[in-house]
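Just so you know, the sequences run in chain order A, B, C and D. Here the first sequence is numbered in the UniProt record's numbering, starting from 1 and rising by one per residue. Here the second sequence is numbered in the UniProt record's numbering, starting from 1 and rising by one per residue. Here the third sequence is numbered in the UniProt record's numbering, starting from 1 and rising by one per residue. Here the fourth sequence is numbered in the UniProt record's numbering, starting from 1 and rising by one per residue.
Please keep in mind that the hints were generated in silico from the structure rather than gathered at the bench. None of these values were measured; they are calculated from a predicted model. Hints may be right or wrong, so weigh each one.
As the list makes no split between identical chains, a pair holds if one copy fits it or if it spans any two.
Only pairs whose alpha carbons sit at most 30 Å apart, straight line, appear in this in silico DSS-like list of lysine-lysine [stated by the list, open to error]:
(1) LYS22 / LYS138
(2) LYS62 / LYS22
(3) LYS14 / LYS178
(4) LYS22 / LYS121
(5) LYS15 / LYS113
(6) LYS113 / LYS14
(7) LYS177 / LYS15
(8) LYS178 / LYS113
(9) LYS15 / LYS231
(10) LYS62 / LYS14
(11) LYS15 / LYS138
(12) LYS196 / LYS15
(13) LYS196 / LYS62
(14) LYS62 / LYS177
(15) LYS178 / LYS62
(16) LYS138 / LYS14
(17) LYS62 / LYS231
(18) LYS62 / LYS138
(19) LYS15 / LYS178
Protein chains: 4
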Amino acid sequence: METLTEEILTTVIKKRPAISHKGSFGRTVLIGGNTQYGGAIIMSAESCLKSGAGLVTVITAKENHAPLHARLPEVMVLDWHDQAAITASICNADVVLIGPGLGLTNHSLILLKLVLDLQEKQWLVIDGSAISLFAQEKLTLSHPHKTVFTPHQMEWQRLSGIPIVEQNELANRAFQKKLAASIVVKSHRTEIYTNKNIYRCPLGNSAMATGGTGDTLAGMIAGFLAQFPRKDATICAAVYLHSYIGDLLATENYVVLPTTISAALPHYMCYFSN
Amino acid sequence: METLTEEILTTVIKKRPAISHKGSFGRTVLIGGNTQYGGAIIMSAESCLKSGAGLVTVITAKENHAPLHARLPEVMVLDWHDQAAITASICNADVVLIGPGLGLTNHSLILLKLVLDLQEKQWLVIDGSAISLFAQEKLTLSHPHKTVFTPHQMEWQRLSGIPIVEQNELANRAFQKKLAASIVVKSHRTEIYTNKNIYRCPLGNSAMATGGTGDTLAGMIAGFLAQFPRKDATICAAVYLHSYIGDLLATENYVVLPTTISAALPHYMCYFSN
Amino acid sequence: METLTEEILTTVIKKRPAISHKGSFGRTVLIGGNTQYGGAIIMSAESCLKSGAGLVTVITAKENHAPLHARLPEVMVLDWHDQAAITASICNADVVLIGPGLGLTNHSLILLKLVLDLQEKQWLVIDGSAISLFAQEKLTLSHPHKTVFTPHQMEWQRLSGIPIVEQNELANRAFQKKLAASIVVKSHRTEIYTNKNIYRCPLGNSAMATGGTGDTLAGMIAGFLAQFPRKDATICAAVYLHSYIGDLLATENYVVLPTTISAALPHYMCYFSN
Amino acid sequence: METLTEEILTTVIKKRPAISHKGSFGRTVLIGGNTQYGGAIIMSAESCLKSGAGLVTVITAKENHAPLHARLPEVMVLDWHDQAAITASICNADVVLIGPGLGLTNHSLILLKLVLDLQEKQWLVIDGSAISLFAQEKLTLSHPHKTVFTPHQMEWQRLSGIPIVEQNELANRAFQKKLAASIVVKSHRTEIYTNKNIYRCPLGNSAMATGGTGDTLAGMIAGFLAQFPRKDATICAAVYLHSYIGDLLATENYVVLPTTISAALPHYMCYFSN
């Protein structure tokens, strides 16, 4: 297992080419946010946008459109019952994130299956309740090499069947091999299992232990994948930067609200870009 | 009567354990906000979240969901007519706050009775119109030792029957003994009556005399109870910090808006943690 | 005509009494905001609240409730079609402001007549379209000595019949005497005609010439009347401070958005209080 | 082709006359924002308002009213299905912008045709999907000398028929002459083709390559035309300042969110005014 260092940031976050346009930095589609957990997908959109994704579309329950636009007019929205528009949007995407605040209803499952069916060129990030649904319904991936799961330890237990107390490098690795997707196992020391290697993020703190931290990380991973070459280092850089900013903010804040991490992204990504 | 000092903050606000997750800092459920007083429950949620509660759910009228999420995507919401979801949410909670902007309708009463019926392991904070309803309907507590009332002087009159001019330590103490719950009697010098002792907060100022200050304090008490050992000191620390920040802000502001107190919470809680 | 100086601020803005509560600083009811001009009443509420009014209720079209609460959870709201609640709210008020974004429909007129009918102890501020309606319908005041009109020059023409080019001290004074109410004639050098005297504000600038500046002033006048002894000086102080802050902000801003004036109120009121 | 310099800003942005009112700085009407792209018209309104336009009205889908007012109470709104009000609003306008987030439906087309039919004294800015519709439906202008198109390169291809790779000064100029309107061809080095001259903006950077940058520029152009003499220099100044602020912000931000450009407008317009 390789411990990540600050070097991962300068490796991944490159100065943008002088000649570019918004399409150069990827089309990202985020799916989630039912009427109870609408804030989750808003937080994912916030971090995705502020990490530099060129075009961000959110597919969510109608009730979440107004608060999303009040915070983030830069983001586009689709009603999550408008299947034709959703399909077009996914087909056109470079990266799809599904799960934050998605819930566990039949409609959630329909959306997850649609995303899995449509995956071709798109990178796919599966988070939150989408992980639970994936496990429960024993779904399968057609493009595991372009898929990232971002479970916390309980969701990882559901997905892998490995009880939290038995989650260790060996056991996790074995199940990751079976899935063939990348896995970000979130905990106070997040680990990343890819097809090539295993990484450990040495940063992070307990001020970040609050609702929405995971949604924010998922949005960052999607945003990074939309802009940077889609390989292991990109996922690692998103995880590292999320904790790096969280650690800085925790020196002055008893609780680090996820949206304050997102607000700091443009600055720290500039600082580490080269 | 013991006068609180800054020491109460360092006694209660502890550095978080390195290994923790959002569940470690409590599940808090806040109930209130009709169509007229929706802002009250938004302000409670704001202070509860920013005081570090791990997971915050607001149960309120549908009209308040969008403005709540526009300000606080970190918070989850439930329609206050969805009784099944409400029951599940309360049963799963560590702390329940009911009252800010709740109103005095029959539906308000149904919700209050539901909360009282379901109280078992949960700490309960009863504020605002829930206090008036509790008094008017002569309701009773099954777990007074895990209940806090946060009346201002007129609400305390309604609850205790003691006219404002006759509210003094002796009279208040007598009625508190009868209730066996903790009482935070809010005034320009707030007093806290618990089963063990009586405390007086020496701080606070008239710039804080504006709508929402009490809702913000109630949210802080709930947030503190969700995180720290649930005893008298925790309630006292929330009261003290609320006035402490209010006094600091009043040196530069003619009126201290409650949301500015909430905004300062992560910083001052960090400063006093040890 | 007396030219106002900074002294008017220290005369009016007094340190608050140590023992007080939110009721001590007045109940203010603001009525306006149809579906097209909803922002107007939001801006009035923002300045009223931030000038220190203790309790602020906004009566407006349903569509404006969510954006109002997203900005100002401290404010209470009522649907402007709920006549029973409106009546109770007005009867309980210390100050009523009607007009910002009210529109000129039959419903606007019904609300204006209701306010005029209910005026007893309340101070009344009549602004914007309420002035046009008042003129057009030839309405009358029952308590002119507790009423303030805040017309811009065109609205003053409608109310007084004096064409803008003929609006001078003598002509304005004559019509003010007839009305027996106070008049704030807004222009680049606003003049205040009261029953006792005439005042001229020497401040203000063209960066403030943008939509919403008048709504913000009207909210400040209501907020000041709610807190300070209700006489001429109080109205003058609100006018002076509005322009004073506008002049300060204009040294660094090509346009001074009204909401930036409101944001600065708690600070400058603190600075001038004594 | 003339390369713009900072001088264009001091040439155009003049200190405001001391005696003025909100009407002195123009009535601007912005039309766009369907349910999917509502954020686009919000961003245009934000830049238009903050560039100093005196009165700004947005005509958009009902769903966008609440988030617009939550961000910008200074702006007025109309439902884009209320044709009578829309017509009155356009007839009364000094500048009309149509296109940001407008979409390509039949209703979008109806609105565009209405705007074209009603154009008389108004300056007209045609952006985004309105350009695509204009091209597709082979519409014509009755007042090309008071019209500005603001296409990105792909929209310019649709309008002019010139493929992106063949878009050069000569070809662009030829088609602009045919249209007789001003054209702002947006790219990493935006060019402006007017009836008199061709200008090139030497500023701009790839941190601005994100959704909403164009909507923000379109709102600025409308805001500038509302205030300053409506000629070539005014359009050029808006383009230059947009990139100037973008370049400054990019020194500290990996991505420059369009709303951060708008937030900086009052300050930089003040700095360059003389």
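Taking the hints in turn, this is what the structure says about them:
no. : hint            : result
1   : LYS22 / LYS138  : between (37 Å within a copy, 28 Å between copies)
2   : LYS62 / LYS22   : both (26 Å within a copy, 28 Å between copies)
3   : LYS14 / LYS178  : neither (33 Å within a copy, 43 Å between copies)
4   : LYS22 / LYS121  : within (19 Å within a copy, 35 Å between copies)
5   : LYS15 / LYS113  : neither (37 Å within a copy, 43 Å between copies)
6   : LYS113 / LYS14  : neither (34 Å within a copy, 45 Å between copies)
7   : LYS177 / LYS15  : neither (34 Å within a copy, 39 Å between copies)
8   : LYS178 / LYS113 : within (20 Å within a copy, 51 Å between copies)
9   : LYS15 / LYS231  : within (18 Å within a copy, 37 Å between copies)
10  : LYS62 / LYS14   : neither (37 Å within a copy, 41 Å between copies)
11  : LYS15 / LYS138  : neither (41 Å within a copy, 41 Å between copies)
12  : LYS196 / LYS15  : within (26 Å within a copy, 38 Å between copies)
13  : LYS196 / LYS62  : neither (40 Å within a copy, 48 Å between copies)
14  : LYS62 / LYS177  : neither (38 Å within a copy, 45 Å between copies)
15  : LYS178 / LYS62  : neither (37 Å within a copy, 44 Å between copies)
16  : LYS138 / LYS14  : neither (38 Å within a copy, 43 Å between copies)
17  : LYS62 / LYS231  : neither (34 Å within a copy, 42 Å between copies)
18  : LYS62 / LYS138  : within (29 Å within a copy, 35 Å between copies)
19  : LYS15 / LYS178  : neither (36 Å within a copy, 40 Å between copies)
Hint compliance for this structure: hints 3, 5, 6, 7, 10, 11, 13, 14, 15, 16, 17, 19 are broken, all remaining hints hold.
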